[in-house]
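Starting from the given sequences, assemble the full structure and let the hints guide the process.
Number of protein chains: 2
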Amino acid sequence: LTEAPRAIDKDRVDSTLEKIREKLEAGDIQDAIEILTRLHPADLADAFTELDEQEQSALLPRLDLQSAADLMEELQDQAAADFAESLPTDLLADLLDEMQPDEAADVLGDISRQRAAQALSEMEDLDEVLPLLGHEDETAGGRMTTSFVGLLPDSTAQQAIEFLRHRDPEAETPYYLYVIDHDGQLTGVLGLRELVIAPPNATISSIMDPQVFHVDVKADQEEAARIMARYDLAGLPVVDEAGKMVGVITYDDLFDVLEEEATEDIYRLANVPSAELSLDSPIHVAIRQRLPWLFLNTFTALFASWVISNFEPVLAQVAVLAVFQSVVAALGGNAATQSLAIMVRAIALGTVELQEVWRTLVKEALTGLLQGVTIGASVGLGVFLWKGNPVLGIILGVALIGNMLIAVIVGTLIPLVLRWLNQDPALASSVLVTAVTDSFGFALFLGLAALFLPYLR
Amino acid sequence: LTEAPRAIDKDRVDSTLEKIREKLEAGDIQDAIEILTRLHPADLADAFTELDEQEQSALLPRLDLQSAADLMEELQDQAAADFAESLPTDLLADLLDEMQPDEAADVLGDISRQRAAQALSEMEDLDEVLPLLGHEDETAGGRMTTSFVGLLPDSTAQQAIEFLRHRDPEAETPYYLYVIDHDGQLTGVLGLRELVIAPPNATISSIMDPQVFHVDVKADQEEAARIMARYDLAGLPVVDEAGKMVGVITYDDLFDVLEEEATEDIYRLANVPSAELSLDSPIHVAIRQRLPWLFLNTFTALFASWVISNFEPVLAQVAVLAVFQSVVAALGGNAATQSLAIMVRAIALGTVELQEVWRTLVKEALTGLLQGVTIGASVGLGVFLWKGNPVLGIILGVALIGNMLIAVIVGTLIPLVLRWLNQDPALASSVLVTAVTDSFGFALFLGLAALFLPYLR
Chain A
193 LTEAPRAIDK
203 DRVDSTLEKI
213 REKLEAGDIQ
223 DAIEILTRLH
233 PADLADAFTE
243 LDEQEQSALL
253 PRLDLQSAAD
263 LMEELQDQAA
273 ADFAESLPTD
283 LLADLLDEMQ
293 PDEAADVLGD
303 ISRQRAAQAL
313 SEMEDLDEVL
323 PLLGHEDETA
333 GGRMTTSFVG
343 LLPDSTAQQA
353 IEFLRHRDPE
363 AETPYYLYVI
373 DHDGQLTGVL
383 GLRELVIAPP
393 NATISSIMDP
403 QVFHVDVKAD
413 QEEAARIMAR
423 YDLAGLPVVD
433 EAGKMVGVIT
443 YDDLFDVLEE
453 EATEDIYRLA
463 NVPSAELSLD
473 SPIHVAIRQR
483 LPWLFLNTFT
493 ALFASWVISN
503 FEPVLAQVAV
513 LAVFQSVVAA
523 LGGNAATQSL
533 AIMVRAIALG
543 TVELQEVWRT
553 LVKEALTGLL
563 QGVTIGASVG
573 LGVFLWKGNP
583 VLGIILGVAL
593 IGNMLIAVIV
603 GTLIPLVLRW
613 LNQDPALASS
623 VLVTAVTDSF
633 GFALFLGLAA
643 LFLPYLR
Chain B
193 LTEAPRAIDK
203 DRVDSTLEKI
213 REKLEAGDIQ
223 DAIEILTRLH
233 PADLADAFTE
243 LDEQEQSALL
253 PRLDLQSAAD
263 LMEELQDQAA
273 ADFAESLPTD
283 LLADLLDEMQ
293 PDEAADVLGD
303 ISRQRAAQAL
313 SEMEDLDEVL
323 PLLGHEDETA
333 GGRMTTSFVG
343 LLPDSTAQQA
353 IEFLRHRDPE
363 AETPYYLYVI
373 DHDGQLTGVL
383 GLRELVIAPP
393 NATISSIMDP
403 QVFHVDVKAD
413 QEEAARIMAR
423 YDLAGLPVVD
433 EAGKMVGVIT
443 YDDLFDVLEE
453 EATEDIYRLA
463 NVPSAELSLD
473 SPIHVAIRQR
483 LPWLFLNTFT
493 ALFASWVISN
503 FEPVLAQVAV
513 LAVFQSVVAA
523 LGGNAATQSL
533 AIMVRAIALG
543 TVELQEVWRT
553 LVKEALTGLL
563 QGVTIGASVG
573 LGVFLWKGNP
583 VLGIILGVAL
593 IGNMLIAVIV
603 GTLIPLVLRW
613 LNQDPALASS
623 VLVTAVTDSF
633 GFALFLGLAA
643 LFLPYLR
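Protein chains in written order, with our numbering: chain A, 193 to 649; chain B, 193 to 649.
Bear in mind the hints are in silico, worked out from the structure with no lab data behind them. There could be a bad hint or two in this list.
Identical copies look the same in the list; a pair holds intra-copy or inter-copy alike.
Pairs of lysine to aspartate or glutamate, EDC-like flavour, derived with a Cα cap of 16 Å [stated by the list, open to error]:
| no. | residue 1 | residue 2 |
| --- | --- | --- |
| 1 | Lys555 | Glu545 |
| 2 | Lys410 | Glu433 |
| 3 | Lys579 | Glu504 |
| 4 | Lys555 | Asp472 |
Laid out in structure tokens, this is it:
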């Protein structure tokens, strides 16, 4: 009866893949199907996408409906849409009926309107999917599923357990039961465990917790994520404007949201606007996303060039300035990037309050100043020893102190200002921040050099 | 009976804080306590940390043990350790007994050894905490709790429900029940829901799922996170070398791990080595973390300066080169950062396979080349129009193409090499990557200029 407990194993998927290919080559399609469907749906999807088109189309018609639905649920958005577009309409409708309603709605939103309309017209189970179609992807409504267990407050624990016995065992979120009155209003929550250990004739309203965290159907998925992470919730009910419960977001949705939001922040800080971009994106999509930021950087870099060009006569007289101007820019840029990362993360995790901005800013400024003095003194001394000119060393040191001070202030303030403007603080990417530190650094270093030109020649 | 459903509300914490302060000023400590303990533990901890020391010490002795334990569980690591150090030993021991064993173990690991030994000697409930003390923070053992529900395979559903009725209702992970044989071996898992709907005299072994995902107690927390996120698990059992179940990691731990790992990646890419750093860190801690990377950057920047210094004679003759050398460096740096972010994220989410490296590299190189040609041609043309020198424009354009090509290759390869060396790919921070793009960019641009010097003067 008992098998060895199962651990994750990439090799296992690979060796399974080999076995499937062997069976396919030998013409044993049924055996191949059996090996495939014994996998966890997540592994099944991985293995299936590794197969080539010919192998896929040999297997697909023989896959049972439930496995095919599992497969579609686990595929990446684009892969699922491509797969859906390739199927005959009646099979697609059957699959969508079999899938979790939130996953089915996602697929319907990603395929062509015409194809979605065809599939909807042939689907049987529209009640759960239709309400999900109108929501934006990144809202609570776009993340929720309509498949949840609702109980009436005046029923008994025994009745509730009977009700559970007769419900679809595939339904999601079996652990929190939501108490909904006759008007559809969310009025309480009950853990399955509390239900199990309650006296059989206790009413639901006497054992439920009347305080239920919830989120508005139109709220950003980040807000839902913050509530669930803060209060350690495995499920969060979603309500409409009238307080009617319309769905639930579950912990596994939150795993996805947390990963997506982290990708978005990392990408934006690195000048990549869309979190959808991956190594698998076609080149033209990658370029469409990445090139605009590089063009923006072209303008900021040419602006910095224009700053330098104002000092061309100075540079013509003291060429060694060209050697060190970039040190000032580079250290400013990296010091700003450090402040930026810490501030963006603090905002994302909700650990900074706008009232504390001044205290934070003063602290960062002090950090920047102390770092600037340390680095400025070291580099100044080193360059004096290298080039033998004390004034060059002093000017470089002072410019480093000034630019590293400005750097931390800019790195701290830009995300705060973006936040205050209700924009994503992570848009304060390295392009924008280094635009300031480069230009300011060049101006400060070359400006000081122009002032003390006689001592540099 | 029913109250309005509860949504997250920062303002609510703030207005509660005001009420508590009013009560304290009026001397109504009991009222203040009542307001405080009516909050969710997460809000309670937030409100409490906002109070000043005097207010805290007025409230603390009157807080009931459970609320104080809740408070300690919700405090940040450092705050919890400070709080623990400030308490009398007997009270600390009582609190630790009351806390979840994993949280208690974390506190014991964060306070001084002497203080921890004192507290342990006065604690009553050591069975659950002691096994947790030996594990590294970022391993599965360091994340798990020992508080889980284990069932014997030959007991019946009815017996299991009776057992649940008599267990501590505070125990974590009430939703998965783990089936453990007489030798302590993990042999199956059972959802609470499956237990509820099973016939009362069915044996546990007949209704359990014998395939259980699990993780080794010494595995990195990231591995546990990947399994839970991949297979949408609300709980993951942790086993020792002998296959004995020693604990469980729950979905709320995973929320924390996902946030921590994202912070770590964002920080490392931005040259901040420790994810522990926050806006609240003291300045000397911030500088100790951030300064070493800025010193590393000093060396890479001075190396780039040395590259430039080899072209001082050229720069002395054509000062305008100093104006544009930084454009080449800046665009290379930002193009590399884009590749870096996409690659680091792909590795973190496990969506890249080492076998696909070549395909990925060729695709990135093509992207870099196309972007380089677009930007190089635009900038080259622009600078020709600005400065009137076609050769300057061509040299700048060619250097941009070359550096942006190298940039994407470096941004893609460095994280892969780090991964291959079993290091964190996110250590390929902007400092390291721009070290390459700066030096190479300067050398390429100034080298080309030296070659075509007669056309530039």
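Quick rundown of the hints versus the structure:
no.	hint	result
1	Lys555 x Glu545	within (15 Å within a copy, 43 Å between copies)
2	Lys410 x Glu433	within (9 Å within a copy, 48 Å between copies)
3	Lys579 x Glu504	between (21 Å within a copy, 12 Å between copies)
4	Lys555 x Asp472	between (42 Å within a copy, 9 Å between copies)
The structure shown violates none of the earlier numbered hints.
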